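Trainee: Chains A and B, in that order, give the protein sequences.
Residue 135 in our numbering is what sits at position 135 of the first sequence, and the numbering runs on without skipping anything.
Residue 88 in our numbering is what sits at position 88 of the second sequence, and the numbering runs on without skipping anything.
In short, the hints are calculated from the structure, not lab data.
All values reported here derive from a predicted model rather than from experimental measurement.
Treat each hint with caution, since some may be false.
Cβ pair distances, simulated, as ranges [as the list claims (entries may be wrong)]:
(1) A:83 to B:35: 53 to 63 Å
(2) A:252 to B:38: 49 to 59 Å
(3) A:143 to B:105: 51 to 61 Å
(4) A:247 to B:272: 32 to 42 Å
Reference listing, derived: stretches of chain A covered by chain B, where coverage requires no fewer than 3 residues with Cβ under 8 Å from a Cβ of chain B [what the hints assert, rightly or not]:
(5) 74 to 88
(6) 134 to 143
(7) 184 to 194
Ideal Cβ positions, reconstructed from N, Cα and C, are used throughout, including at glycine.
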Amino acid sequence: MSSPVSQVGTSHDLASVLRERRDLGRKLLVAYLTGGMVPGWVEMAHALAAGGADAIEVGLPFSDPMIDGPVIQRASLLALGRGATPAGLLEEIAQARIEVPVAVMTYYNLVFRAGHERMAGAMAAAGVTGAIVPDLPLEESAPWRAAAAAAGVSAVLLVAPVTPEERAAEICRQSRGFVYAAGLMGVTGEREVLASSAQVVGSRLGRLTDLPVCVGIGVSTPEQARSVTSGADGVVVGSAFVRMIIDGATPEEIERVSADFRSAIDEADDGADDGAGGQEIGEAGGAGSAPYGDG
Amino acid sequence: MTAVMGEPSQAGYFGSFGGRFVPEALVPACMELEAAFSAAWADAGFHAELDLLLGSYGGRPTPVTECRRLSERLGIRVLLKREDLAHTGSHKLNNVVGQALLARRMGKQRLIAETGAGQHGVATATAAALFGMGCVVFMGGLDMERQALNVFRMELLGAEVRPVEVGSRTLKDAVNEALREWVATVDSTHYCLGSVMGPHPYPWMVRELQRVVGDEARAQCRELLGGSDPDWVVACVGGGSNAAGTFAGFAGSGAALVGVEAAGGAALSHGAPGVVHGMYSYLLQDEVGQISEAHSISAGLDYPGVGPEHAHLAASGRARYDFATDEEVLAAFRMLAETEGIIPALEPAHALAWVVRNAGTTIPEGACVLVTLSGRGDKDVAQVRDILRGPAGQLGDGQAGQLGEVRSVRPAEQEPAPRAEQER
């Protein structure tokens with residue numbers, strides 16, 4: 001176990017793991033799936049990690065996911081139909097002992113309804129060290145950010161392509177863990193072509209912050225992920241995995257696709273220095289033939 | 001914020017309700033809209049253009065009608081603010097013409113909207129036709145079935161109606177879908193939100209655009225009542241735009257203000273505070289915060305939330321909120337038709353139902369009540385017929401025969417309705 005990644009240690013803290021790996025020159029893969037969407041969703045989370053994800057983002061499903069496209073909407077309804085609740089999913093996360101840091105993504109009403117402190121505490125108790133609440137913009141987020149910080153949970157904030165420079169800088173200052181850069185103006189979901197905004201947002205924000213910058217929304221294929229990470233520290237990939245899981249993919253298949261993203265971003269050409277490891281994580285060899293990116 | 005129904009705080013709060021809970025991608029657009037509306041609303045030229053359109057095109061001012069036979073029956077004095085007589089058949093045009101003018105000022109060439117009963121969709125499609133703008137209306141699949149006539153109307157007006165087939169297939173899902181579309185097209189597109197809900201500045205902007213209802217009504221009432229105001233002012237509340245517009249005109253009067261929700265969508269009576277669709281307000285939700293589906297006879301009130309200013313008016317006590325059941329609504333619907341020759345939309349029939357229930361008790365005998373008749377009932381006639389002619393229809397004595405005749409000449413299907421409407 002001499003890969004640069006294993007040298008980082010066994011911390012499961014989202015902020016420190018992502019920063020250390022980034023500093024070692026590794027491109028970051030944050031893999032999303034909706035909690036509870038299928039009975040074996042925890043196995044899928046393990047598979048994503050085994051394939052080379054640096055962190056797992058678990059969606060706590062909400063009835064009205066207004067920033068999500070059809071795939072994650074469907075996963076959310078499946079999960080809710082199976083009786084998924086925030087508390088139940090956090091309990092499953094706690095027991096899952098996922099190999100990499102876990103963040104949750106959810107909508108603000110679930111946080112508000114539980115209470116900021118209670119939700120942050122429940123996350124921390126489950127070993128969750130990051131939280132993304134996309135319908136809670138900077139101005140409304142201070143109480144949640146304070147509660148999350150007190151519980152040791154990194155409240156990740158989002159920047160959009162249309163966010164003005166000064167505002168983006170302030171969001172970067174207030175974000176914790178990483179900065180989630182929306183790659184395009186639109187809802188989550190796969191796109192045939194990578195938006196041009198996704199390719200520039202990483203370097204744009206890189207000038208504003210020392211935090212890792214991960215680009216998500218519309219990053220659908222390893223090719224696109226490689227392209228994005230030539231300017232950004234990492235990518236968030238969700239709908240591509242979620243669609244496969246809905247379509248009945250096995251954990252092995254999910255691991256293979258995660259590994260394909262892994263190897264693609266490991267090859268990203270941003271002066272990748274010697275430390276850029278990852279080859280020893282998962283079986284990153286067989287890139288190319290997986291059923292992602294239906295176009 | 002000091003005055004009752006004055007401006008919200010800088011962050012868009014009425015008391016503790018409101019705000020702007022949207023993804024970062026929409027924050028700049030909301031800020032731009034807020035700035036554009038503030039500038040327009042302070043611009044006499046904008047008001048002149050808006051007033052001209054609402055008058056010469058929209059049919060304003062709408063009258064206040066004294067209901068002599070209904071008043072006699074209820075033992076109170078009932079006045080109606082007749083938004084059913086405005087162009088497109090409801091108060092919705094007031095808001096939409098204002099927002100379309102604003103969109104044009106902002107250089108946006110395309111309007112999108114959500115709709116429940118279809119009245120707001122029809123109004124938006126109308127304004128888009130008037131201004132030569134593109135228009136896409138999002139409508140729940142269930143609502144499209146219930147309001148087939150309005151779907152056809154929107155299409156006649158050149159709008160594209162996009163069915164929303166997720167969730168409850170009603171208004172709340174249509175709002176989600178409109179917000180999703182707006183995120184992707186915000187450059188070229190204005191989201192013409194139909195009620196006093198959503199993120200700041202919408203609740204404030206839509207109330208201001210609807211206050212013409214209340215301002216007109218107050219002046220008209222004073223004329224009718226020898227300089228005094230009605231004792232009660234009653235309006236139905238889904239998101240709450242006709243009520244907000246009405247209440248804005250009377251907030252500074254001594255009138256008691258009453259908002260009436262649908263029993264199956266009574267966010268203020270049965271809900272709890274929470275955040276959805278960009279606002280912090282009262283919502284129907286479960287114990288973990290999943291939004292519930294509303295169920296009502298009226299598609300326009302099938303909404304699990306309520307505008308944040310109504311939550312504030314309820315909290316502050318300036319207005320009170322109650323609900324009416326589907327049965328009460330049907331009875332009131334028929335009562336107004338029979339006593340006054342006015343077929344109301346099912347939405348304002350909720351306000352009437354509350355008045356009927358409380359006449360002579362909560363509303364003392366002889367008191368004067370203004371009800372905002374927010375829309376006409378043409379769109380609901382087929383639905384009401386289907387309900388009344390069912391085996392448990394329990395028609396009143398006099399009407400059973402008439403409706404029975406209608407029944408006998410009517411084909412089983414609803415098909416001919418749109419065509420008949422087209423010919424009008």
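Trainee: Quick check: does the Cβ-Cβ distance between residue 252 of chain A and residue 38 of chain B fall within 49 to 59 Å?
Mentor: The hint (49 to 59 Å, Cβ to Cβ) holds, given that residue 252 of chain A and residue 38 of chain B are roughly 58 Å apart.
Trainee: Do the Cβ positions of residue 83 of chain A and residue 35 of chain B conform to the proposed distance bound of 53 to 63 Å?
Mentor: violated (45 Å)
Trainee: Counting residues of the segment 184 to 194 of chain A whose CB is closer than 8 Å to a CB in chain B, do you get three or more?
Mentor: holds (count 3)
Trainee: Establish whether the coverage given for the segment 74 to 88 of chain A by chain B is satisfied; the threshold is a Cβ-Cβ distance below 8 Å, and no fewer than three residues must meet it.
Mentor: Per the Cβ count (5), the hint holds.
Trainee: Do the Cβ positions of residue 247 of chain A and residue 272 of chain B conform to the proposed distance bound of 32 to 42 Å?
Mentor: Check passed, 37 Å falls within 32 to 42 Å.
Trainee: Note whether the CB distance of residue 143 of chain A and residue 105 of chain B lies within 51 to 61 Å or breaks it.
Mentor: At 36 Å between Cβs, range violated.
Trainee: The segment 134 to 143 of chain A covered by chain B? Criterion: 3 or more residues, Cβ-Cβ distance below 8 Å.
Mentor: Holds: 7 residues of the segment 134 to 143 of chain A have a Cβ under 8 Å from chain B.
Comparing the model with each numbered hint stated earlier shows that hints 1, 3 do not hold.
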